[in-house]
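> One-letter residues, chain by chain:
Protein chains: 2
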Amino acid sequence: MQKPLTLGIAGLGTVGAGLLELLHTHKARVAERAGRPVEIVGISARSKGKDRGVDTSGIKWFDDPVALAKDASIDAFVELIGGSDGVAKAAVEAALNAGKHVVTANKALVAKHGVKLAKLAEEKGVALNFEAAVAGGIPVIKTLRESLAANEVTRVYGILNGTCNYILSTMTDQHRSFADALREAQDLGYAEADPTYDIGGFDTAHKLAILTSLAFGTELGFDQVDVEGIQSISEVDIEAAQDMGFAIKLLGVATRTEGGIEARVHPAMVPEESAISEVWGATNAVAIDADFCASLLLVGPGAGGRATASAVASDVLDIARGAVMPPLVTPTRGLKPYTKSRLGRHQGAYYVRLSVYDRPGAMAAIAKRMGDREVSIESIVQRRPRSALPGMVARQKPGSPAMVIMITHETTEEAIRSAVDAIEQDGKVSERPQVIRIEKLESA
Amino acid sequence: MQKPLTLGIAGLGTVGAGLLELLHTHKARVAERAGRPVEIVGISARSKGKDRGVDTSGIKWFDDPVALAKDASIDAFVELIGGSDGVAKAAVEAALNAGKHVVTANKALVAKHGVKLAKLAEEKGVALNFEAAVAGGIPVIKTLRESLAANEVTRVYGILNGTCNYILSTMTDQHRSFADALREAQDLGYAEADPTYDIGGFDTAHKLAILTSLAFGTELGFDQVDVEGIQSISEVDIEAAQDMGFAIKLLGVATRTEGGIEARVHPAMVPEESAISEVWGATNAVAIDADFCASLLLVGPGAGGRATASAVASDVLDIARGAVMPPLVTPTRGLKPYTKSRLGRHQGAYYVRLSVYDRPGAMAAIAKRMGDREVSIESIVQRRPRSALPGMVARQKPGSPAMVIMITHETTEEAIRSAVDAIEQDGKVSERPQVIRIEKLESA
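Here the protein sequences line up with chains A and B, keeping their order. If you read the first sequence in numbering that gives the first Met the number 0, its first letter stands for residue 0, the second for the next number, and so on. If you read the second sequence in numbering that gives the first Met the number 0, its first letter stands for residue 0, the second for the next number, and so on.
No wet-lab data here; the hints were simulated from the structure. Mixed in with the good hints there might be a few duds.
In silico EDC-like cross-links for lysine to aspartate or glutamate, where the CA-CA straight-line distance does not exceed 20 angstroms [as the list claims (entries may be wrong)]:
1. K2(B) to E151(A)
2. K335(B) to D290(A)
3. K335(A) to E151(B)
4. K115(A) to E238(B)
5. K118(B) to E31(A)
6. K26(A) to E151(B)
7. K26(B) to E31(A)
8. K118(A) to D290(B)
9. K123(A) to E31(B)
10. K123(B) to E31(A)
11. K2(A) to E121(B)
12. K26(A) to D290(B)
Here are some chain B residues the structure puts well away from chain A; computed CB gaps all over 10 angstroms [said to hold, decoys possible]:
13. T55
14. K88
15. Q381
So the derived list for chain A, only partly shown, Cβ under 7 angstroms to chain B, looks like this [what the hints assert, rightly or not]:
16. L21
17. A149
18. N150
19. M243
20. G244
21. E277
22. F291
23. L296
24. A306
25. A312
26. A322
27. G333
28. L334
29. T411
We put the beta carbon where it would ideally sit given N, CA and C, even for glycine.
Whole structure, please, built from the sequences with the hints as guidance.
Laid out in structure tokens, this is it:
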């Protein structure tokens, strides 16, 4: 048996506590499979006295995570503090500069400073592993970095935020409003008191930025991601989607186009016969299209202390087994610059929901605005919400707005936005039209 | 740039040709990401002159794969010959004995001789990688060997044979018979002229045996797998399953129970709201339940030259990058013996289809046989095939058999088989009852 791999762990929240539990529970298993014991020799967290369910009395305490990061006793530093800057960044840099391997679950840090940190890791010949930074227990970093490294990836997309997926699932299953579903998610601890980071799509954008770099071998472009959240999704959109054979998911999608990288986060419709449409609740999913491997879909727990700790442990195990991979798939000197494709150039089909004043010529005017921009319509239905069944409520009064839903054939973002703006300016609709992109999936 | 990794490739069928194409297309990408060029220096196949779509004129030809395997010019040997014994085994052993890394796509070889070969690789300090041996392009070997190595796996299961899944998909989508769907699969090249290996479940059993060892850290137990094929599945079973909210898939399932390992291959019902139920056509899927990571599902191409070549290439890339992992997750000295749990001890719910003579007391006698063995019934329906709509055919004649379908609550294999045997012996049914296991999935 070789000498132990010694760890310093900074940050003992749910993931840190999960990691302590895992390394305690599976001590013998890890030692056997790594070919050497893995020992925690130093820890650091905000409050020293807190009970974390695992005996840490034999482990040296550090008030300062930076001091732990460069302590002579550790081989590898595990950063579970969080935040793109501040002490997390200082500690990771200190560890790398001291020639320590680094494992981090910090998506914001990697999305913002990943290239610089990867370069430093390469110079020092140490690992910088971050499986837990994206999609919790799903091994998507390893899949892109290793399994698909000899492929050209053309698209990566997925359900990357469990809070949003939980809310959309609740709205779909229980026919509840967004506000109501959000409140339940908050009560259950799935959503924060200030839910903006999750429901606004920013968490997904951080994760997508990391996946994009790994997929296409480019520098990181977090500030280049177009982001929309799920706040605008209503029960009627979800009902209409179901009736037409779609589910609505918050997707992060990055596609390599001739004009550059199109990276976007937004609610999207996916066909109900697809496997990804059956990913419900707090579960995450990541799909990858590549030239030789065709399409992969990975589904699993996107968060939670134990599942995320499992991802951290796999990173630690790789280090213990002696594997050091280029952090961003391609050595940083070979990373291509990030070139953004304008969202206006996006091509796809669209769902458009209009609240149309029931006046003579209204539909003709709408059809003309679409036709002028060569947007052709695949289907059009006038419908009422499922809750308003005939006989249960008064029939629609003449002159009041009617709900009209269109599915377009493939068109461009520019064309559909311009058509919808013109329809709104014509005064034919009573509220701002709802526009949802339909994501094209490969037939399996 | 370091010195090249030199490869010898034996076997140039569809996977071998795919690998030549991949290494040609992505030569620069592979070199950059591996940190060194990957060069094919020797090849061997049955017919030397055949056009494989890639120029092989600069590569040394070997008539004898064993000579190639131990040739001084190669660092790693890629075995794509196939077959559990014979020249494939001889060549792999020769390569390992000569201290060469080995990559193989040969499921039969690994299922039968994996422990012996892994031991040899460990002694020589070289890699034995076989990502392509199970589920084509899906990175399931890496997921078990690396991503979940610090977990205790409790179950691994999946759709591991594209031919069977294609046939079941065709039967489901197009309401066609098994014989008809098989013929189409043969016409399209998805099924062999002698389809026994695929439709009888033996291909799935080979793959499951490998997954089982990796999942539970045991020796290989290919001959311990209980195997049933899909030949007995009829259109009425598929229709009845659909009506009750299930899809029928050929699953390979390995579960760790208190009595040992339960490894079985058989047609199974899975709920339509599960992601795995939406895996159609020739696509494969593998699901893994583990203590810290909960549940993962991986979906992708289970066969095909290009996707399988992608898996082989990832194995090669790992070697070029210097990663050498224990072939069977746990070093062979730590492998546990394979202890089989009897299938009779299997616990689960069952679908039972009976063709019952419409005579007084028949149902009472059937119910008694079930009740005597404490098999309780969740639902029972008498139904006619969908094709026999009322008014289109004569109504059932008094005394002729009626189709009765039951779903049981959780019971044991022993109880249900005993009940069904007794019902048959009672002479209450006109043909052998159909029994299909319902696989319990975690709610996502």
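> What are the numbers of the hints the structure violates, in ascending order?
Hints 1, 2, 3, 4, 7, 8, 19, 20, 28, 29 contradicted; others consistent.
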